[in-house]
Each structure stands twice: as C-alpha cells, then as structure tokens.
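Colleague: Chain by chain, the residues:
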Amino acid sequence: MSTVAEVRSAPPRRRSIARRKATDLVIKVFSWIGAWFGIAVMAFIVWEVVVRGAGALSIAFFTQPTPQDVTSTAGGFANAIVGTLVITGVAALIAIPAGFLGGIYLAEFGRNGRVATAVRMIANVVMGVPSIIVGVFAFAIIVKPVHHYSGFAGSVALAFIMLPVMARTTEDILNLVPNEIRESGLAMGAPRWKVTLGVVCKAARGGLITGATLAIVRVAGETAPLLFTALSSPYWMTGLFGPGGFFEGPVANLTKTIYDFSGSPYPHWQALAWGGALVIIIAVLGMNILVRLLFQRGKEW
Amino acid sequence: MVGTTVDEQTEMHSQATVVPPRLEVAEDRRGAVEDFDQLPSEISVRDLDFFYGKEQALFGNSIEIKKNRVTAVIGPSGCGKSTHIRAYNRIFNLYRDQKAKGEILFDGANILSSQIDLLDLRRRIGMIFQKPSPFPMTVFDNVAYGLRQHYRMSRSDLSNRVEDALKRSAIWDEVEHKLNEPGNALSGGQQQRLCIARAIAAEPDVLLMDEPCSAIDPVGTAKIEELILALKNKYTIVLVTHNMQQAARVSDYTAFFFQGRIVEFGPTTKIFSNPAEKQTEEYITGRFG
Ligand SMILES: Nc1ncnc2c1ncn2[C@@H]1O[C@H](COP(=O)(O)OP(=O)(O)O)[C@@H](O)[C@H]1O
Ligand SMILES: [Mg+2]
Numbered sequence: 030m031s032t033v034a035e036v037r038s039a040p041p042r043r044r045s046i047a048r049r050k051a052t053d054l055v056i057k058v059f060s061w062i063g064a065w066f067g068i069a070v071m072a073f074i075v076w077e078v079v080v081r082g083a084g085a086l087s088i089a090f091f092t093q094p095t096p097q098d099v100t101s102t103a104g105g106f107a108n109a110i111v112g113t114l115v116i117t118g119v120a121a122l123i124a125i126p127a128g129f130l131g132g133i134y135l136a137e138f139g140r141n142g143r144v145a146t147a148v149r150m151i152a153n154v155v156m157g158v159p160s161i162i163v164g165v166f167a168f169a170i171i172v173k174p175v176h177h178y179s180g181f182a183g184s185v186a187l188a189f190i191m192l193p194v195m196a197r198t199t200e201d202i203l204n205l206v207p208n209e210i211r212e213s214g215l216a217m218g219a220p221r222w223k224v225t226l227g228v229v230c231k232a233a234r235g236g237l238i239t240g241a242t243l244a245i246v247r248v249a250g251e252t253a254p255l256l257f258t259a260l261s262s263p264y265w266m267t268g269l270f271g272p273g274g275f276f277e278g279p280v281a282n283l284t285k286t287i288y289d290f291s292g293s294p295y296p297h298w299q300a301l302a303w304g305g306a307l308v309i310i311i312a313v314l315g316m317n318i319l320v321r322l323l324f325q326r327g328k329e330w
Numbered sequence: 177m178v179g180t181t182v183d184e185q186t187e188m189h190s191q192a193t194v195v196p197p198r199l200e201v202a203e204d205r206r207g208a209v210e211d212f213d214q215l216p217s218e219i220s221v222r223d224l225d226f227f228y229g230k231e232q233a234l235f236g237n238s239i240e241i242k243k244n245r246v247t248a249v250i251g252p253s254g255c256g257k258s259t260h261i262r263a264y265n266r267i268f269n270l271y272r273d274q275k276a277k278g279e280i281l282f283d284g285a286n287i288l289s290s291q292i293d294l295l296d297l298r299r300r301i302g303m304i305f306q307k308p309s310p311f312p313m314t315v316f317d318n319v320a321y322g323l324r325q326h327y328r329m330s331r332s333d334l335s336n337r338v339e340d341a342l343k344r345s346a347i348w349d350e351v352e353h354k355l356n357e358p359g360n361a362l363s364g365g366q367q368q369r370l371c372i373a374r375a376i377a378a379e380p381d382v383l384l385m386d387e388p389c390s391a392i393d394p395v396g397t398a399k400i401e402e403l404i405l406a407l408k409n410k411y412t413i414v415l416v417t418h419n420m421q422q423a424a425r426v427s428d429y430t431a432f433f434f435q436g437r438i439v440e441f442g443p444t445t446k447i448f449s450n451p452a453e454k455q456t457e458e459y460i461t462g463r464f465g
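Each protein sequence line maps, in turn, to chains A and B. Residues in the first sequence are numbered from 30 upward in steps of one, following this note's numbering. Residues in the second sequence are numbered from 177 upward in steps of one, following this note's numbering.
There may be inaccurate statements among the hints.
[As the list claims (entries may be wrong)] Partial list, computed: chain A residues near chain B (C-beta under 7 Å): (1) Ile-161; (2) Glu-209; (3) Ile-210; (4) Glu-212; (5) Ser-213; (6) Ala-216; (7) Gly-218; (8) Ala-219; (9) Val-228; (10) Lys-231; (11) Ala-232.
None of these hints come from the bench; they were simulated from the model. Positions of the beta carbon are idealized from the N, C-alpha and C atoms, including for glycine.
Required output: the full structure, derived from the provided sequences and hints.
Modeller: Structural data, given as structure tokens:
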C-alpha cells in the first residue's frame, strides 16, 4: 500500500536488554565491593586502635608528661599533646593566612597570567614532595644554622606542607563562586579588594573554613617532618625561649612520641603509644566530620 | 535564524498571530508624542566598537539615551545587547581581553576614558543582572552595601535610607520582618527587587537592566515592570529584554540590535507599529530568519 513503508529499511538490531542489565549489575557489584573494602580496612584500623588504645586513656594520660622511668606505670602523654597543639597551631598561623592570600591571588588576580601559572606549578610540585624531605629542608635552613632542634623548626616544616595545600584549596573554592557575584559587587562601585573579601570570600566562607581545617588535619598526623626538627622531649615545653622552649629546644609531640614508644620494649610505653594513636585518630576524624557537617561545600550560593 | 534559543523562537512564532502588537499610547508613553531632539540626553554613545579578544561583537553603535526615559534594547540572542550595556558601567574591565572603542558620553566625560573614576561611575550607573544576585548577607546589609561604600552616615540615617530604597522598590511589605535574614532566602522575584533596591539606595542616575525578568515567574515579572514604570520618573533606565511585549509595555524608546549593529532606534510606538527597517519588522513580527 504505502510506498513509504516499503522504502523504509529494516530497523537496526536492538542491543540485548538482558545483557545491558547484566553488565550494569556486574559494575554495581564490583564498585560496591571496592567501596566496602576501603571502608572495612579503615574500620579495622580504627577498631584495632580503639581496642588497644582505650585502656591507656586515663586522667593521668591527659595530665602527666611522658614517663622516664621504665619500671613505673605512671605518666601520660600530656606534654606531647600540648606540644602537638602548639607546633600545629603555629604552623597554621603561618600557613593559613599566607596560603589564603596566595589562593586569592591565583583565583582573583593572577588567573592565567605567567606569574600565577608558575606559582601554581610550584605549589603542585611542593605538594608532591615527600614530607621527610620537607623535614630535612627545615633542618637545613633552621636547625643547622642555629645548632639546636626546636618546636619552631617543626612548625616551619609543617607550614611548608600546609601552604600549597591551603593556596590551591582556596583557589579551587573561589573558582566555584560564579562571576555574577563578582560583577554585581563591582557594579555597586566597590573596589576589587573589597568585593573579593567582603562578597566573594563571604560567599565561599563555608568552603574556605573547611579547606583551612582540612589543611590543618592534613599535617596534624605528620611524623617525618618532625624527626629532624622538633625531635621529641620527655619534658613539658617550658615557654618560648631557653633549652626547653619552643624556639630553642626539642618539643614533645604526639607522632614522634608514638613512634618512639611503640618501638620500645616496655608494655606500659607501648600501651601509651596506642593511647596516643587513638587520640590522633579521634581528633583528625572528628575535625573532618565536624567541618563536613557544618559546611557542605557549595551550599551557600 | 542563527543563535536564537528555542524559547525565543517559539515566542516569536506565537507573536506572528498578533502582528503587529497593538500599543496603547498612554499619557506617560512620551516616546510617541515628544520631540526627541529637544530632550536632554543622559548618555550619548558614539561609534562604540567592542572586542572579545580579537572577536568584534559591536560595530559602530551610536545611540542617545534620554534622561528619565526607559530605553528598551531588543534583538535576537547573541546580537550584542548585554555587551552594549556592559560598556556603560565598564563592568567588562573585569576581564582582561575585553576592550571597547569609541565614545560613551555621560555628564560631559567619556566613560571609556582611563581618567574616569570607576567607583563613582558605577555608583552613578547601577546595574541589575539577568540572574538575581543578592550578596551573601542579610537583606538589610545588601541594601546598605552601596550606601556604606559611597557615603558616611549615621546608623539611623542608614536604616531610614535602606527602608526608603526597599519601599521605592516595592518590596518593603514583603521583607519588613526579614531584614536580618539572608538575602538569598527570598524568592527569585523578591531577590531581583532586592537587587533593584540595592542599586537605587546608592542614588544612581542611571539603571542598566539586563533581562531582569528572564529568570522570574510571571507574577514577579509584572511587579518588576510596574516598578520600572514607577522608577522612570527619577531614573534613566536602559532595559535589555528579549520579550517584545515587555519592551512595548514599559519603554519609551526602543533600539533594535542585530549582529552587533543598531539597526533601528526610535520611539517604541513607532518601532512596533511602523518600523522603518525591514529587519526590525521581521523581528518584531516573528517572521525573522
Ligand atoms: N565572554 C565572551 N567571550 C567571547 N565572546 C562573547 C562573550 N560574551 C558574549 N560574546 C559574544 O558576543 C556576542 C554578543 O553577545 P551578548 O552581548 O551576550 O548578546 P545578547 O546579550 O544580545 O544575547 C555574541 O556573539 C557572543 O557569542
Ligand atoms: Mg544578554
């Protein structure tokens, strides 16, 4: 009858729906296995640390310095906890403002200019440098010239690791802010720097705070950069200057102390090391979860 | 036609049935009755060329924007409407590869000259964008932004002026009790009127509006059109729109752009009822392309 129907070529062969469904299932199962494998490994580590470390956590653990007498079962990790807080805190004070401003430069002003491209490349390279090399670097530029290990040298090493992370994170987050926001700020007759700080960064504040926190978390658990810098100490940090002071002497810290104690032959010291590991895990995990709950990235615009 | 969206095409086709749109010349539709040459110009554009890198987007645009009138800028998408008005407040300077050549005279000076104080220029020529873009701050702080930037004033004066700007933007009743809530918690239409309040709070002379209703529902659009009609007594308004009914409803003068050129410019009534150029007629009757 109709010529159109006769002219029409035979429809192409359909692909098998059953087969597509099977492929879909296989991929789903594999990715499910992959995801759960990762989660299981992490759960195993956390579980192991909790089981072995929980017993060590006592009031003494958080109030007393590391024991020097191998026979006594007294002592805690208090000096190491304080030391880690101070070393990481000073590192953050150095690296976060500097990295923040660097990130603003990259995202808002340098963009694809030659300087920005070079800075971005250097930041990427530095992020890939093994942390022990950073430790040796800090040893060479700070410890060696002044002839003593110091908590400050440790802070500088950690800051060196944080800086590019902070700068790149800041850049990435500012790049997520749509240009309309910048334009509407400028269209009000506000100068560029005011729009950047008061409007663009404000729009991105959740992401920026998350980025800064994750940069801190990233270095809080580092050991290698401290091996050649802050070293370790069985004593409390005594202040800023003098042999036990932050700027002039070794400073106790969690990671190096865990490293030392876990390698010791004394069961009580080993137990303390597990306790220290548990404290770090809880702190790092807690900060991660906290910032992610508080600021879900991209929610605010 | 090249470069039109599906929306626009359907819109144009639907207009083909009501050719040409009939306009009622109300008393305030001055474009029809007044003598154009006698009116003072707020902005005079002469031979404006615009470049995105090496790509030229505007070719020899010349137009007189009359004081306290609404000038509509119409034309198919991609014809250079936004590019044209973005030269008036030099917002394109945010991007290094964008350049404008020619003259845009405003208050005796060339806006495109490097001597111009951009901050003051942008206080005097405010802009409303296509996508409502409240700042990430409270309703109050949004409106106070320009005031704080450009003026010194007491707290009570500040809040009076914020209230006044919100009232003049016909949004006060809706936000009176939300002044301390974030600006982006409002509805789209409210956000756009908030942006208008933010712009007029700084006491500009000119308001540039780049398709201010295209992201807004019909009710919100009607409110904004009403607002534009109320504002034109005090401000010179340049309204980019791809909605020809809107241009007919609110503007006194209309410029038809095509491929970076101003094809025709004149009283809105004339453009819509008796255009001189064939391209204009084809566009407004939806027979374009
Ligand atoms: N950022 C840009 N870079 C390069 N070309 C652009 C840019 N913005 C717009 N253009 C070009 O300039 C022309 C005019 O665009 P535009 O002014 O946005 O048109 P309209 O507002 O009338 O839709 C178009 O051809 C568009 O492709
Ligand atoms: Mg446009």
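Colleague: All hints, please: hold or fail.
Modeller: Hint check results:
1. About 42 Å separates the beta-carbon of A:Ile-161 from the nearest beta-carbon of chain B, more than 7 Å, and the hint is not met.
2. The interface hint given for A:Glu-209 holds, since its Cβ lies 5 Å from the closest Cβ of chain B, which is under the 7 Å cut-off.
3. At its closest, the beta carbon of A:Ile-210 sits 6 Å from a beta carbon of chain B; the interface hint therefore holds under the 7 Å criterion.
4. With a least beta-carbon distance of about 6 Å to chain B, the hint placing A:Glu-212 at the interface is held under the 7 Å criterion.
5. Of the supplied interface hints, the one on A:Ser-213 holds, with its beta-carbon coming within about 4 Å of a beta-carbon of chain B, less than 7 Å.
6. Annotation: interface hint on A:Ala-216 holds; nearest CB of chain B at approximately 4 Å, less than 7 Å.
7. For the restraint placing A:Gly-218 at the interface with chain B, the shortest Cβ-Cβ distance is roughly 4 Å, inside the 7 Å limit, so the hint holds.
8. A cut of 7 Å between beta carbons decides the hint on A:Ala-219: the least distance to chain B is about 5 Å, and the hint holds.
9. Because the smallest distance between the Cβ of A:Val-228 and any Cβ of chain B comes to about 5 Å, under 7 Å, the interface hint for this residue holds.
10. Interface hint status for A:Lys-231: upheld, as the beta-carbon distance to the closest one in chain B is roughly 5 Å, under 7 Å.
11. The closest approach between the C-beta of A:Ala-232 and any C-beta of chain B is roughly 4 Å, which is under the 7 Å cut-off, so the hint is satisfied.
Of the numbered hints stated above, the single one contradicted by the structure is hint 1.
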